[in-house]
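J.: On the provided structure of chain A, position chain B as indicated by the hints.
There are 2 protein chains.
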Amino acid sequence: MKGRDMSKLHPKEIPEGMGAIAASIFILALIAFIPFAFYKDIVHATSGGGNRDVVARERETYSLFSNNDTLALGRHLHRFPHAKLSSYQSALATLQTTTILGLADDILDLRWRHKFFIPAVASLPLLMVYYVDFGVTSVVVPNFLRQFVPNRARLLNLGPLYYIYMSALSIFAPNSINIFAGINGIEVGQAIVIAILLIINSSLYLVPFPGNPVLDSTTGAFYNYKAGLYQHPATESHLLTLYILLPFSAVSLALYIHNRYPARVFVGDTYCYVAGMTFAVVAILSHFSKTLLLLLVPQIFNFIYSVPQLFHIVPCPRHRLPKFNARTGLLEPSVTKWEDRQPKACKTPELRSATPQPESDHKGDIIIATSNFTIINLYLVHRGPLREDRLTRELLILQFVCGAIGLLIRHKLAIFLFGMDNRPRDGIWGV
Amino acid sequence: MKGRDMSKLHPKEIPEGMGAIAASIFILALIAFIPFAFYKDIVHATSGGGNRDVVARERETYSLFSNNDTLALGRHLHRFPHAKLSSYQSALATLQTTTILGLADDILDLRWRHKFFIPAVASLPLLMVYYVDFGVTSVVVPNFLRQFVPNRARLLNLGPLYYIYMSALSIFAPNSINIFAGINGIEVGQAIVIAILLIINSSLYLVPFPGNPVLDSTTGAFYNYKAGLYQHPATESHLLTLYILLPFSAVSLALYIHNRYPARVFVGDTYCYVAGMTFAVVAILSHFSKTLLLLLVPQIFNFIYSVPQLFHIVPCPRHRLPKFNARTGLLEPSVTKWEDRQPKACKTPELRSATPQPESDHKGDIIIATSNFTIINLYLVHRGPLREDRLTRELLILQFVCGAIGLLIRHKLAIFLFGMDNRPRDGIWGV
Chain A
1 MKGRDMSKLH
11 PKEIPEGMGA
21 IAASIFILAL
31 IAFIPFAFYK
41 DIVHATSGGG
51 NRDVVARERE
61 TYSLFSNNDT
71 LALGRHLHRF
81 PHAKLSSYQS
91 ALATLQTTTI
101 LGLADDILDL
111 RWRHKFFIPA
121 VASLPLLMVY
131 YVDFGVTSVV
141 VPNFLRQFVP
151 NRARLLNLGP
161 LYYIYMSALS
171 IFAPNSINIF
181 AGINGIEVGQ
191 AIVIAILLII
201 NSSLYLVPFP
211 GNPVLDSTTG
221 AFYNYKAGLY
231 QHPATESHLL
241 TLYILLPFSA
251 VSLALYIHNR
261 YPARVFVGDT
271 YCYVAGMTFA
281 VVAILSHFSK
291 TLLLLLVPQI
301 FNFIYSVPQL
311 FHIVPCPRHR
321 LPKFNARTGL
331 LEPSVTKWED
341 RQPKACKTPE
351 LRSATPQPES
361 DHKGDIIIAT
371 SNFTIINLYL
381 VHRGPLREDR
391 LTRELLILQF
401 VCGAIGLLIR
411 HKLAIFLFGM
421 DNRPRDGIWG
431 V
Chain B
1 MKGRDMSKLH
11 PKEIPEGMGA
21 IAASIFILAL
31 IAFIPFAFYK
41 DIVHATSGGG
51 NRDVVARERE
61 TYSLFSNNDT
71 LALGRHLHRF
81 PHAKLSSYQS
91 ALATLQTTTI
101 LGLADDILDL
111 RWRHKFFIPA
121 VASLPLLMVY
131 YVDFGVTSVV
141 VPNFLRQFVP
151 NRARLLNLGP
161 LYYIYMSALS
171 IFAPNSINIF
181 AGINGIEVGQ
191 AIVIAILLII
201 NSSLYLVPFP
211 GNPVLDSTTG
221 AFYNYKAGLY
231 QHPATESHLL
241 TLYILLPFSA
251 VSLALYIHNR
261 YPARVFVGDT
271 YCYVAGMTFA
281 VVAILSHFSK
291 TLLLLLVPQI
301 FNFIYSVPQL
311 FHIVPCPRHR
321 LPKFNARTGL
331 LEPSVTKWED
341 RQPKACKTPE
351 LRSATPQPES
361 DHKGDIIIAT
371 SNFTIINLYL
381 VHRGPLREDR
391 LTRELLILQF
401 VCGAIGLLIR
411 HKLAIFLFGM
421 DNRPRDGIWG
431 V
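These protein sequence lines are chains A and B, in that order. Take the first sequence: its letters are residues 1 to 431, numbered as in the numbering used here. Take the second sequence: its letters are residues 1 to 431, numbered as in the numbering used here.
There's no promise every hint is true.
To be verified - Just so you have them, the derived chain B footprint on chain A, three or more residues with Cβ under 8 Å:
id, stretch
1, 32–39
2, 83–96
3, 119–129
Said to hold, decoys possible - Derived EDC-like pairs (lysine to aspartate or glutamate); straight-line CA-CA distance at most 20 Å:
id, chain 1, residue 1, chain 2, residue 2
4, A, Lys323, A, Asp109
5, B, Lys412, B, Asp389
6, B, Lys12, B, Asp389
7, A, Lys2, B, Asp389
8, A, Lys323, A, Glu236
9, B, Lys2, A, Glu332
Note that these hints are calculated values from the structure, not bench results. Here a beta-carbon is modelled for each residue, glycine too, at the ideal position from N, C-alpha and C.
So that you can see chain A by itself, here it is in the shape it has in the complex (with noise of 0.2 Å):
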């Protein structure tokens, strides 16, 4: 499988859906991390109460008659973090589910209809486990429409609509990262800064602070971590955040090496929808995906202004990437002629000057060309052209300054929406 890179003065071909590679090492990487992961909570549950007789003497006494575990491992398995467990390999099994589905997009080259709910098939061992594992389908209400609910209740049981919530979070992450592409080292450039800027929310979880934590009569939470320091009640799922994203790192930035500017290897398919798929899984596992949106801003915005030619309502060409001129080394802006088939809903002037048109051809009322509608375009088109290398670093920067921002705006912003934050004030638990 090879590609020609369009954007170069010699176009030469070069290996495609390298991506499939570096999907398969990550997925390897957290089955061969499982051991490591748990490698405490082994410890914990074979310790038999720091006691080593007591394991000792059920394990002569075991008798296969038996098929009680508890008693065969000398492990007290009721204490065994299962849930913990299942949230890690459901994760593993979506990924995978990925990584197959991708590999059939990258082999068939299917269409992009079709391609659009390979997402949302990958997805279902995450929703399944977490239907039968989990099942909280409840969602904070913010303090201005609490007056809406009833009982002004704090939590809001979505039910079903959470999980179609979700599925929609899995569709849009992968495929919104597949269509911000077309220049040497974005799709992995991208994925890197969003799961950089994940760790480091993460981390902040993992902190033990000083403080006098209130103990919570309902529910009895109190975390005590060292003498004086506190745990964050959410310690655990942030943990399995950077379990996840830790090593799809390693493995974007290996494979960023050899895709960024010039590119040796294209990605594929395989690599967005893993990368996106990553997000959507930990932003579901560990209740973030506000979050997450927060930082695929630009991914948003690319998708919701690609809307019009992705669905055909403007002339879609099969490319949308910047062109490539060969006499300056630059990228400008591809357009796309509109010629005879001019749609129905740009003749109409409101919709029309509501539709982004950057940079488009008039002739008297009828428009007959406009850049391509992707943030990349529309990038150029206010920039002016610009070499590939650094047009990739500049939305790269602009990728990880939305991120950062809207890092600070949610965890500032929470306590006005919500009253609370999740880290804790005056030694009041946050959400």
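T.: For chain B alone, coordinates are given in the frame of chain A:
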């Protein structure tokens, strides 16, 4: 991806690697079945001890200040069989890894030397989860060997050796099915026969039986199913086996319809790996690996018989499938000329006579040709030329008869070897 069926009068190209599609459907079926497999457990866990009000009250007072899932869900999660879900998920992850690596093999056409270890990598999720979640590494010692075990213990803890054993089983099962191949329908056919025999074996454990089981004072094992009827302790693990084998049989039957004589598709390596791995997975999770080996007797024979060619002790051609005789329309044993490439091993008369040489030409003491070392060729040597569909049918009948005898021996001989069987005798629980 296409291949030519060489055992036909007019070889035409037919699609190759269709087993990958069957494997994908199998995996999707396993994913979709998760809620059904655990439905009873969810109902049990959410029933609130038969008191809906308890659950309702808990839900109202739930606060996000806590991460206590029990209250969040109105589910008593400590009742939910997380270990069972873990087993199911590890089976799923292993089969997915097998599919991914099988696809890589089908696409890249790896060398036999590298292919051999694909199942070992694919079995990692199973072994990892086994390690952190179960960790049972003991085997029952046969009566006549107990005198060699310290304290004449009934159980022997193999420790890390047990993981090597499981790994070996999961390397052997897929590869042994992969090399028992070459005629239409034989790969899928043998998988269906083995699956049916395993389904029969596991179904035996599901039937509750009347009896008066002695309460085991050590473990407190006592299973009251219905009034007067008792359930086997291994019921849950054999149910899991059925959850996996029933969809596997279904997709295999569908594939068999297309793969049987005259084949309209080839199955490819992916199917053989997934089939073998399915058997290894259920055998490991439900602890009946010895029973599986009894069902794989033809495959074991074929593997041992193939060893001289596989390891290039004697010359090995690219393909070892039977030779099609265009005049008679029948299959005959294929022959490999040894020519001057007389392997050293075969120059020693002792070794030569030890190696089975059903159809060998001699020049004095020097062998110049033998039929290829596969069970299919050996069968043709003894049975005479056969039409392809008849050959497949007879080999499948052989597989079924061998397996059925194996199951009989397993349940009868177990009493002599281990002093007990899985089925209870005189009200005492079996192994």
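J.: All hints are to be evaluated individually against the structure, with a verdict given for each.
T.: Each hint tested on the structure:
Only when three residues or more bring their CB closer than 8 Å to a CB of chain B does the claim for the stretch 32–39 of chain A stand; here the count is 4, and the claim holds. By the rule of at least three residues with a Cβ nearer than 8 Å to a Cβ of chain B, the coverage given for the stretch 83–96 of chain A holds, with 8 such residues. Proximity of the stretch 119–129 of chain A to chain B, defined as three or more residues with a beta carbon under 8 Å from a beta carbon of that chain, is established by the 5 residues found. The straight-line distance between the Cα atoms of lysine 323 of chain A and aspartate 109 of chain A is roughly 23 Å, outside the 20 Å bound, and the hint therefore fails.
At roughly 35 Å between alpha-carbon atoms, lysine 412 of chain B and aspartate 389 of chain B are farther apart than 20 Å, so this suggested pair is violated. Our distance criterion of 20 Å between C-alpha atoms is met by lysine 12 of chain B and aspartate 389 of chain B, whose separation comes to about 18 Å. The suggested pairing of lysine 2 of chain A with aspartate 389 of chain B is violated, with an alpha-carbon distance near 41 Å, which exceeds 20 Å. With a CA separation close to 47 Å, the supplied pair lysine 323 of chain A and glutamate 236 of chain A exceeds the 20 Å bound.
For the given pair, lysine 2 of chain B sits about 42 Å from glutamate 332 of chain A by alpha-carbon distance, which is inconsistent with the 20 Å threshold.
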